[in-house]
Structures are given as C-alpha cells and as structure tokens.
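A.B. asks: When you get a sec, could you build the whole thing from the sequences and use the hints?
Protein sequences appear in the order of chains A and B.
Numbering-wise, the numbering used here puts 349 at position 349 of the first sequence, and it's gapless, one number per residue.
Numbering-wise, the numbering used here puts 1123 at position 123 of the second sequence, and it's gapless, one number per residue.
Where hints are given, some of them may not hold.
Said to hold, decoys possible - Below, a sample of chain A positions facing chain B; criterion: calculated Cβ distance under 10 Å:
#1 S67
#2 E71
#3 A98
#4 G191
#5 V250
#6 A255
#7 T388
#8 T392
#9 T396
#10 Q399
#11 N405
#12 D409
#13 I414
#14 D417
Derived from the structure by calculation, the hints contain no laboratory data.
Predicted model only: the values in this text are computed from it and were never measured.
No residue lacks a Cβ here, since even glycine has one placed at the ideal position from N, Cα and C.
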Amino acid sequence: MKKIAIIALVAMVLATPLFAQAAAEKNEKVHLTFVEVMTSPERTLVLQEAIKNFEAANPNVEVELVSPPYEQAETKLASMLAAGQDVDVCEIRDNSVATLINGNLLLNLDDYVAQWNTKDQLVDAALLAGASIGDATYFLPQYLYVKALMVRTDILEKYGIEYPKTTDEFYAACAKLASQGNGQYAFALRGKGSPCKTTDIMMLPEVADINEDNLYLTKDGQFYLATEGGRKAMQDYLDLFKNCCPSDAVNWGYAEQINGFISGTTPFLIQDPDAVGSVKDALDESQYTAIPIPVGASGKRYLDYGFAGLAVAANSKHPQEAFELVKYLISAEVNARICEFYGALPVNKDAYSMSDMFSMGIYKEWADEMADENTIFVKFPLEDPRFTEYQTVHMTAVQNMLLGNATVDETIKILKDFWGY
Amino acid sequence: MKKNKWYIIMMIPALLFIGIFIYYPLVKGVQMAFQNYNLFNLNDIHYIGLENFKKIVTSTSVSFWQILRNTFVWVFFSLIFQFLLGFLLAMMLRKPFRGRSIYCGFVFYTWALCGFAIGLIWSWLFNGQFGVINDLLMKVGLIKNNIGWLSEPGVAMVSVIITNVWYGVPYFGIMLLAALQSVPNELYEAATIDGCTGIQQLFYVTIPYIKPTIISTVLLRTMWIVNFPDIIYAMTQGGPINSTNILASHMVTKVFTEYDYGQGSAIGVIIMVILLLYSIIYLKVMKSTEDDI
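C.D. replies: This is the structure in structure tokens:
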C-alpha cells in the first residue's frame, strides 16, 4: 500500500510540469512582470487597480506586479535586471536610471515612441526628460518634480511683504522677515540630503547662458559657480543663512524644512509639488501658495525636472505588450490618478484638465511656472557617475562654509576642483 | 566508519546553509573590495588592486582619519555608558519587588525598537529649533539660547551618543540581570560572614562570578556598535561636516547614495579587519587577567 502511494506521488510530481505545459499552451496569455520601486501600500493599491483595468482592456495579457520594499527596491530591481530575471516593465528614478542604461539593461524605445501617434499628449518637460540620458529614449516619465517657491501667504501679508519676483526682492523680503525678531526667520534652508538640488536652483538664475545639458557649466564651458554671478549667488546664500535662517538649518532635511514652513518660522520654502501633500493637512489652503522661483541677473530661472518613469527591460520577451502597458500607465486618466495620489506633476497634458486637483489651486502654480517664458529647463549631469559623489562632497563643503570654517571662494574651489571644469 | 559517514551526511545541510548564506557573501564582499564595482558601470567590472582602499584613505572630502577617530569616540563612549547604566539597572532589578516583571517590560522595551525609528524620534527631540530638549532646558533656566544639538559639529556627536546609550542600556540590563540571578546566594552569605561590605561583595563576589557574561556581552556589543549606522544615518547622515560620520555610516553613503559597491565593500573589509584585531587582543587580554586570578 505504502509503495503504491509513493509511486502515485512520484508520478504526480513528475506529471505536474506536463499538465502545466498543456495548460500554458491552451491559455496563450502574455505574461508581463512589472516591478514598482516607489512602493507604499496605498500606492500599490492604485497600481493594482490600474493593472486590473489594463487587463480588462487587453484580455490576452496578464500582469504580475512585484513590489519590493521601498528602501531596497532600486537595488533589487538592478539586481533582477542584471541577473536576467523575467522583468518586462519597471519603474525608474532620475537618480539611478543612468546606472541601468549604462548597464544595457533597458530597451531602446525610440522605434516604439516613433510609432506612437499620441505622444504629443505629453508635456514638453516629459519628452525632454525621456530623452535626457544616453543617446536614445530608454524610459518615459510618469511624473515630474519641478521646484517652486512655496510661501506662507498669511505671514507675508502680516508683515506687508510682496511676493518676490527677482532674487534681489527675495533676499530683501527675507531680511525684512528676519528683522521681526521673536523667532521669526525667513527661509527653510536645506542643509542635508542632497542640498545641491535646492541650492543650484537658487543660484543658477544669477548666471546667463547655462548649458542645458549640464547645469554646472555655462555655454562657454566654465563652472557656473566660478563666474562672477555664481560667486555672488554663493555669497548671497551664505548671508541668507547667517541673517535669515535658524542656525539649526545646517542639519535640516525634508522633514525639518516642512516643519519650519508649517510652523511659520520659515515662511519661504523651495520644494517639489509633493511637499503639498505634507503641508495640506496642517495648513488651510488660504495660508500658503507656490510662486515661480525668482529670476536673477540673467532674467531667467533654470529648473531641473526631477522625474520618476517607466521603462521596458532589455530582455523582455514581450516588448510590444510591455510598451502598451507603459502607454496605458501614462494615459491621461491613469496618470492623473497616480499623480493625485503622489502629489507630483502629471506628464500627460490632458491629466491637468481632467483632474480638479491639477486644474486649480496650488498645483496650477507649478504648471504656470513650467509654461513661463523665462523658465529654462536644464539637467543635472545624471549620467555622470561622479554626480552621486558630488552630492555628498557639495553637502560637506557647503556645511563647512555655513559654519564659518571656509570662505565662499574656498568652497567654490573645492566644488570646481571636484569636477575639474 | 559507517557512523562517521552518517555524521558527515547529516552535517551537509547545515554546512551548505552556512556556506551559501554566510561565507559566500563574505567572500564576494571581499572580492568586490578589490574590484571596480559601480552600479553606474556594471559592464565594466574588473580588478583594480588596492585602488578602492587608496581612494578611501586619501579622500580629501571625507577624511579617513577623522572617520576613524569618530568611530572610536562613538564606540568607546556608547559602550562605557551603556555598560555602566545597564549594570546599574540590572543591580537595581536584581531583588524581586512587586510589579517587577511589568517594570522590566517597560524598561527593556527600547531594545525592541528599530534603530532608524529611534534616530527619527530623537532627531525631533534634539531639533535645535522646535525640539523638546531645548524647550525643557530653557524653561528650567539652564540655557538662554537654543543649542544646535545636531547642527554644531562639536555637539552633534554627543547627541547621537546619548541616543545610542539610551537605546543600548537595556541590552546590558537584560544580559547582566540574567547573569546576576545565577550568582548563588550562599556566596553572599559566606562573604557577609567573612565581614565583606556591600562594595566589597560587588567587586569580590558579583563581578568575578559574572565575568564571563561581561566579557562576551562587551565583545558582542562593541561589534554591534561599530556596525550600527542606523541612528547616525537617521539623525545627521554623518554631518554636519562629517563630525558624526563613522565607518559604517560612510559605507552606507558609498553604497546607497553613491552606488559605489567597490568602495563600500572596501570599508566593510576595513571594519572586518579592525574588529578581528580587536577581538583577538581583547580576548587575549581577558584571558591573561583571568590567569592572574
């Protein structure tokens, strides 16, 4: 009896793959694996819902969503792709996408994009971002982060301060705020956690002719901070810290910045639109808004477009279906829904009109800033492997300057020497 | 002979497990330390000799010697205070009293928290602008102006060490309490008859009896503190100007923000060598003092 049972068991085990094979042949569904990297439980639900709708519209496709924990998601994705595991569609982020492109892990989407008739639905910055790294389009952004100057309208009104349009007006407004005393400061300075993403946006407007492909260079190849305008901008920044910011701000990251803004201690804040999500529960809509980054001596403001996007894996067995999924995820309705959840700017033009959230109120200010004629989009050198290290070097050098251990010129020299420009 | 064969066969799963999950990553990590292994260029991984080590030691933006000194300060003061306070706690909890187990539960709870969460909580307590600690000190009249606990280079290390001490006290409390409870009462009775005072009992009965526990807990705890960047990373990210950057937090930065696995592994190897030397010397010294007794 026992023997028979064992034989039956073995036979079953051996036969299972055969059945599975037969089932697979019968059911000719295309199986796509989609790896998300900005994992959070609520967001995963939004994606699952979108995937369900996609499957309903494409009955021959089934999508498996892989959601690695947020902290390890990017390294997990990189190792899955590098090991040649089955991945078809993946999310990518601006800071690390170059690593995947350099490793030939993502599919060149140029041909697919060329055949796509409705690509002009995307906002300009999205197309720029998509083609920004490498020699071809390897991904399409699904949302954008663009910095603007957030202001506490109630506090500015209280002290009779107008919204600053130029950097000079901005520094004057900060000085007036800080002169009120009583713990009133002006600016929520970013001290740690890649502060260059904020300081460069503040300092660039003083310099004309910035190279759009690498914001650290002027068009004639100089390191922008080493120009006269750059030096002035760095000095202004130091003065701003000394006179108008809490000294503690040297160690301020995102959470402290938001806290300073909400408490009103620092009524000016330079942030991405997702900061609205952190602010809106604590403040009434009438208490804050966003205005364009002040223009400087160049008459321009230079904005970088941070982004998160979607890509197709280089070894995907079903690239066509995978690209369909990418297109679906950035179609107006789905794009609006995902961005509403995240508070970042949609890439699809129609998403702005479709969603109340983006067509009115504070998000419209970001859209207007992007459309302003004085706005020039520029890029951080994301594909340069040294850029990641630069962010730490810059943080330390600037902290050193703010704490009075190095002069403006010494600081600029350290940064210039790092790049070797 | 046949019996021996079975021993070997039965050991294979355990050996395989240890080999795959412990020694393979270890060897791989050491190998990466000598390679140009950067996420930016996974197609071009090759051996570069000691280049990674050289880059770390000669870096001008992050002084290696400062980091080494920070690591020493961080470990030394965290360990001393964790041990002393933990020992005191264990001594106080040694005698049974009403509600002791509930009290123990509360006191030891911090040990169950995640280091990163503790860092986040304490970074708000220490916040120079809105922090509770400044507020309390000011209300009591001890300070007049806010102290930048995490933004002044001289003070930041003190703040992260205080946090680490708060976190690590329960570990020594738990381990030493268990050891203290194993000291036979007869020894104390005999000591009392011989005319020992309380202090003498502590030094001649209690400490010698629990010495093996002290040795092993101090050794283990040292290694953990060296390898514990969580609190620092959450509170200061090693700043301001690297004043709280230790080897382990430097390694995290290299891997997770600079994607340089080669240099990250090189720091890992440096930590491993330092800890190995430390363990050998520590155990040798402890053994020789044991021989003296």
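A.B. asks: The structure should be examined with respect to each hint, and the outcome stated for every one.
C.D. replies: For each hint, the structure was consulted:
Hint status for S67 of chain A: violated, given a least beta-carbon distance of 19 Å to chain B, over 10 Å. Satisfaction of the interface hint for E71 of chain A is found here, the shortest Cβ-Cβ separation to chain B being roughly 8 Å, below the 10 Å cut-off. This hint holds: A98 of chain A has a C-beta 6 Å from the nearest C-beta of chain B, less than the 10 Å allowed. Interface hint at G191 of chain A: satisfied, since its Cβ lies 7 Å from the closest Cβ of chain B, which is below the 10 Å cut-off.
Interface hint status for V250 of chain A: upheld, as the beta-carbon distance to the closest one in chain B is roughly 4 Å, under 10 Å. A cut of 10 Å between beta carbons decides the hint on A255 of chain A: the least distance to chain B is about 8 Å, and the hint holds. With a cut of 10 Å, the hint placing T388 of chain A at the interface with chain B holds, because the nearest CB-to-CB distance is about 4 Å. Given the 10 Å rule on beta carbons, the hint for T392 of chain A holds: about 6 Å separates it from the nearest Cβ of chain B.
With a cut of 10 Å, the hint placing T396 of chain A at the interface with chain B holds, because the nearest CB-to-CB distance is about 5 Å. Taking 10 Å as the C-beta cut-off, the interface hint given for Q399 of chain A holds, the closest approach to chain B being about 5 Å. A hinted interface residue such as N405 of chain A counts as satisfied when its beta carbon comes closer than 10 Å to some beta carbon of chain B; here the least separation is about 7 Å, so the hint holds. This hint is violated: D409 of chain A has a C-beta 17 Å from the nearest C-beta of chain B, more than the 10 Å allowed.
The criterion of a C-beta within 10 Å of any C-beta in chain B is met by I414 of chain A, whose closest approach is roughly 8 Å, and the hint holds. With its C-beta approaching chain B no nearer than about 9 Å, D417 of chain A sits inside the 10 Å limit, and its interface hint holds.
Checked against the numbered hints given earlier, the structure breaks hints 1, 12 and satisfies all the rest.
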